[in-house]
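Undergrad: This is what each chain is made of:
There are 2 protein chains.
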Amino acid sequence: MTKEELQGATEEEQQAQSKKALKKQQKEAEKAAKKAEKQAKMASEQQSAEEDDFAKDRYGVSAMVQSQQKLGKQCFLVLRQQQFNVQALVAVGDRASKQMVKFAANITKESIVDVEATVRKVEQKIESCSQQDVELHVERIFVISQAEPRLPLQLEDAVRPDGEGEEEGRATVNQDTRLDNRVIDLRTTTSQAVFRLQSGVCQLFRDTLTKKGFVEIQTPKIISAASEGGANVFTVSYFKTSAFLAQSPQLYKQMCICADFDKVFCVGPVFRAEDSNTHRHLTEFVGLDIEMAFNYHYHEVIDSITDTMVQIFKGLRDNFQTEIQTVNKQFPSEPFKFLEPTLRLEYTEAVAMLREAGVEMGDEDDLSTPNEKLLGRLVKEKYDTDFYVLDKYPLAVRPFYTMPDPSNPKYSNSYDMFMRGEEILSGAQRVHDAQLLTERAIHHQIDLEKIKAYIDSFRYGAPPHGGGGIGLERVCMLYLGLHNVRQTSMFPRDPKRLTP
Amino acid sequence: MTKEELQGATEEEQQAQSKKALKKQQKEAEKAAKKAEKQAKMASEQQSAEEDDFAKDRYGVSAMVQSQQKLGKQCFLVLRQQQFNVQALVAVGDRASKQMVKFAANITKESIVDVEATVRKVEQKIESCSQQDVELHVERIFVISQAEPRLPLQLEDAVRPDGEGEEEGRATVNQDTRLDNRVIDLRTTTSQAVFRLQSGVCQLFRDTLTKKGFVEIQTPKIISAASEGGANVFTVSYFKTSAFLAQSPQLYKQMCICADFDKVFCVGPVFRAEDSNTHRHLTEFVGLDIEMAFNYHYHEVIDSITDTMVQIFKGLRDNFQTEIQTVNKQFPSEPFKFLEPTLRLEYTEAVAMLREAGVEMGDEDDLSTPNEKLLGRLVKEKYDTDFYVLDKYPLAVRPFYTMPDPSNPKYSNSYDMFMRGEEILSGAQRVHDAQLLTERAIHHQIDLEKIKAYIDSFRYGAPPHGGGGIGLERVCMLYLGLHNVRQTSMFPRDPKRLTP
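Protein sequence lines correspond, in order, to chains D and V. Just so we're aligned, residue 1 is where the first sequence starts under the working numbering, counting upward by one. Just so we're aligned, residue 1 is where the second sequence starts under the working numbering, counting upward by one.
Keep in mind that the hints were calculated from the coordinates and are not lab data. One should not assume that every hint holds.
Since the list can't tell identical chains apart, any single copy or any two copies may satisfy a pair.
[As the list claims (entries may be wrong)] DSS-like cross-link-like pairs, simulated, lysine-lysine; straight-line CA separation at most 25 Å:
1) K380 with K450
2) K373 with K314
3) K496 with K450
4) K73 with K121
5) K314 with K380
6) K240 with K496
7) K373 with K102
8) K450 with K337
9) K314 with K382
Input sequences plus hints: build the corresponding full structure.
TA: So this is what it looks like as structure tokens:
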């Protein structure tokens with residue numbers, strides 16, 4: 001079976017064909033065909049063979065060839081366009097010659113073709129294609145861009161579920177091979193679905209917040225000082241001095257709140273020079289960030305964020321079922337569950353649940369990654385949700401700018417949010433009072449000189465406010481039940497990978 | 001006159017008050033007032049003065065005070081919330097005492113207050129406020145966050161049009177003072193309007209493209225090789241090696257097209273280590289990037305981009321009049337004009353127009369900045385548009401990956417787009433054939449080893465494609481008729497500025 005891209009299809013009987021993606025280019029196809037025709041004529045090595053071929057204006061340009069499935073008088077192709085593919089038949093008849101069948105059979109995999117064809121219903125479902133009820137009877141076929149005959153990986157291997165075909169000795173593709181050849185790997189139905197869904201997450205995030213009155217801001221990535229103390233920060237040489245890459249837009253989001261924007265969000269890269277080689281760490285990822293003033297209680301902020309997440313989950317569930325199902329074919333997972341309103345647990349409750357399950361930990365200890373996952377399972381069992389908020393973290397494990405809990409100084413007005421037991425957001429009410437902020441910084445032994453500009457931001461009127469930062473790649477990974485954040489980053493960056 | 005933020009207002013007669021921004025917080029105001037009441041009680045230095053004051057639960061917390069307009073039994077305040085402000089009156093009566101009037105008069109400028117008040121119609125328009133027909137009669141007032149008494153700049157100076165008030169010796173604020181104190185400067189009605197409009201540009205850009213079937217992508221900013229030759233690129237230390245900051249997402253956009261995404265866009269930071277200290281250069285700015293496969297002619301790409309720009313212009317005109325008018329008060333400019341369909345001129349036509357206007361230049365010379373501006377004026381005179389496309393640039397002045405014009409090898413399938421005579425987009429059909437791309441790179445004396453990954457992207461099937469990158473800050477600056485790109489960058493970065 002051959003895989004190729006479909007650039008256009010045209011015919012009269014489109015009744016059974018539901019894919020608008022195939023439809024929209026039909027008008028262009030004829031024009032494109034004429035253009036390709038010219039190219040075909042120029043391909044002098046074919047010229048002689050074509051001399052006595054009545055169908056010579058029906059195909060063109062192919063130099064490098066590779067043997068494929070040939071059935072003498074006909075050949076089958078699979079034409080792909082993004083997430084969808086369809087079987088195509090080139091058969092000797094009044095629209096195709098023997099030479100044309102041979103030409104079609106020899107088109108290299110992954111070449112891009114313009115095709116003019118009639119859509120026909122088929123009796124037996126074509127299990128291997130997304131369009132199972134129809135096939136294309138090809139009347140013209142032109143190669144627009146010819147792929148080199150030896151592909152660095154095979155798409156059918158790249159979409160094979162783990163374990164399937166092992167007995168027949170069929171290959172799967174390891175992650176480094178995928179990432180080294182990302183242009184090919186992104187062509188799989190799975191990748192197409194993952195990144196279309198990711199595009200959807202961004203859109204749902206922004207649309208929900210825009211409706212809530214949030215303003216989108218653009219924050220600088222090159223900064224003069226590492227606001228959070230200086231660890232894990234990348235250094236940039238900046239003309240005659242040096243600078244840093246922002247680990248988060250937090251200072252700038254807060255400045256916008258102090259500058260009277262009331263509610264802001266931003267979507268952009270954040271950088272962490274952390275030498276962590278795990279399934280969930282990247283050195284560059286996309287942050288979906290929120291910051292807002294509130295009137296009365298920081299739970300107003302939690303409610304805004306959890307409602308935004310719920311709108312994203314609903315939007316994905318309602319508008320991205322094709323993508324979810326496509327990914328599930330290769331990577332099966334349970335549908336993502338969430339509650340309305342979102343479950344909010346306090347840290348002390350979580351510690352109690354973990355202790356009951358046999359974990360030994362102190363009241364103010366931070367959660368380890370295994371304990372977070374265990375807690376996720378316990379919460380799922382008890383409350384039947386894959387999404388929840390853990391509120392009131394111990395003050396000691398949070399950054400200096402976290403607002404202490406007014407009723408218990410060992411705790412803080414801070415929270416994490418979890419999907420399938422993994423953290424996707426960290427947030428808090430921030431200290432908006434310059435004096436308290438100074439005290440907290442001194443307590444954390446932070447050099448006040450380095451954070452002077454930050455503290456000064458709160459001297460000229462600053463409303464109480466809070467927010468949080470969401471990792472886009474993690475949200476996509478966990479929503480889809482995937483197991484590595486590199487699957488949801490188009491061109492991932494980690495301590496060992498800088499290319500492509 | 002005092003400027004302060006308004007956190008809440010409540011009353012029965014809201015008939016004349018159109019600002020939803022004022023309305024939405026009225027419910028919270030009472031709660032907040034109660035909270036502030038507690039705070040007020042704790043402010044021990046006030047305790048004694050309050051003892052025999054019937055209105056002592058109607059105001060609170062103020063330590064540092066500053067003399068203001070005082071009329072004995074009443075005082076006027078101006079309360080601001082984002083782009084809008086309103087006059088407020090505290091007058092001795094059954095809801096306010098003398099002490100309360102004194103307290104209100106002494107609240108420092110830019111402090112954040114919670115206010116409960118009755119909205120009253122006024123006989124004479126209040127020219128100095130955005131809400132000219134009403135004022136607030138204050139019944140409760142609480143300071144939520146007190147500003148330090150000495151502000152680094154005065155907001156009324158920061159919104160004063162150039163030249164106005166010069167005779168009275170009134171100050172304007174220079175750009176560095178603004179940028180050094182951006183949190184205050186962003187509070188002006190002008191800044192609020194500029195950045196709300198900028199948020200709108202991003203939204204209109206994405207919504208238009210999403211409707212056209214484009215997919216949003218996220219591209220890495222840390223890259224291993226400087227794809228465009230290595231000039232003007234920032235270096236990052238990356239663990240034990242070094243890397244670069246992406247000068248554009250172009251390679252990644254193109255890889256996505258090769259990976260079958262058909263039409264993609266992205267919005268994100270781009271970095272230029274260019275030591276240009278001009279009104280229109282930044283070292284970090286926001287790129288609105290487009291890349292798409294086309295079927296027949298790269299003018300399909302131009303049409304998609306110009307239509308997107310037209311949708312942005314229309315959206316701004318129809319939905320952001322308040323913001324446009326607000327900016328115009330401080331920086332008057334002519335309304336932005338555009339044609340449908342967008343005017344497209346060829347480079348040779350532009351050269352002819354310039355020569356006719358007395359400019360001496362060769363056929364294949366690039367346009368200097370003054371000549372671009374002159375051309376903008378000539379085009380405006382002749383065609384009455386502030387937006388147009390200049391097509392078919394000389395091949396010699398474009399990057400190596402630009403597709404040559406098939407009918408004239410001295411020219412290319414490339415274009416720039418201009419707003420008010422300044423370039424906002426540069427784009428082209430890209431060479432999608434690995435062999436031609438290699439030839440062009442050799443012609444430009446580019447080290448093939450360094451761009452191997454780029455060239456290899458086109459070896460496994462690549463559709464003809466093109467695109468372009470738009471500078472967000474320039475679009476906002478030129479649409480609004482402003483004169484410095486730092487006015488439309490929240491936290492601008494240039495060779496001399498890295499803070500705040």
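Undergrad: So, for every hint listed, does it hold in this structure?
TA: Cross-check of the supplied hints:
no. : hint           : in the structure
1   : K380 with K450 : neither (43 Å within a copy, 50 Å between copies)
2   : K373 with K314 : within (24 Å within a copy, 49 Å between copies)
3   : K496 with K450 : between (31 Å within a copy, 19 Å between copies)
4   : K73 with K121  : within (21 Å within a copy, 88 Å between copies)
5   : K314 with K380 : within (19 Å within a copy, 49 Å between copies)
6   : K240 with K496 : between (29 Å within a copy, 10 Å between copies)
7   : K373 with K102 : neither (56 Å within a copy, 58 Å between copies)
8   : K450 with K337 : neither (44 Å within a copy, 47 Å between copies)
9   : K314 with K382 : within (22 Å within a copy, 52 Å between copies)
Checked against the numbered hints given earlier, this structure breaks hints 1, 7 and 8; the rest are met.
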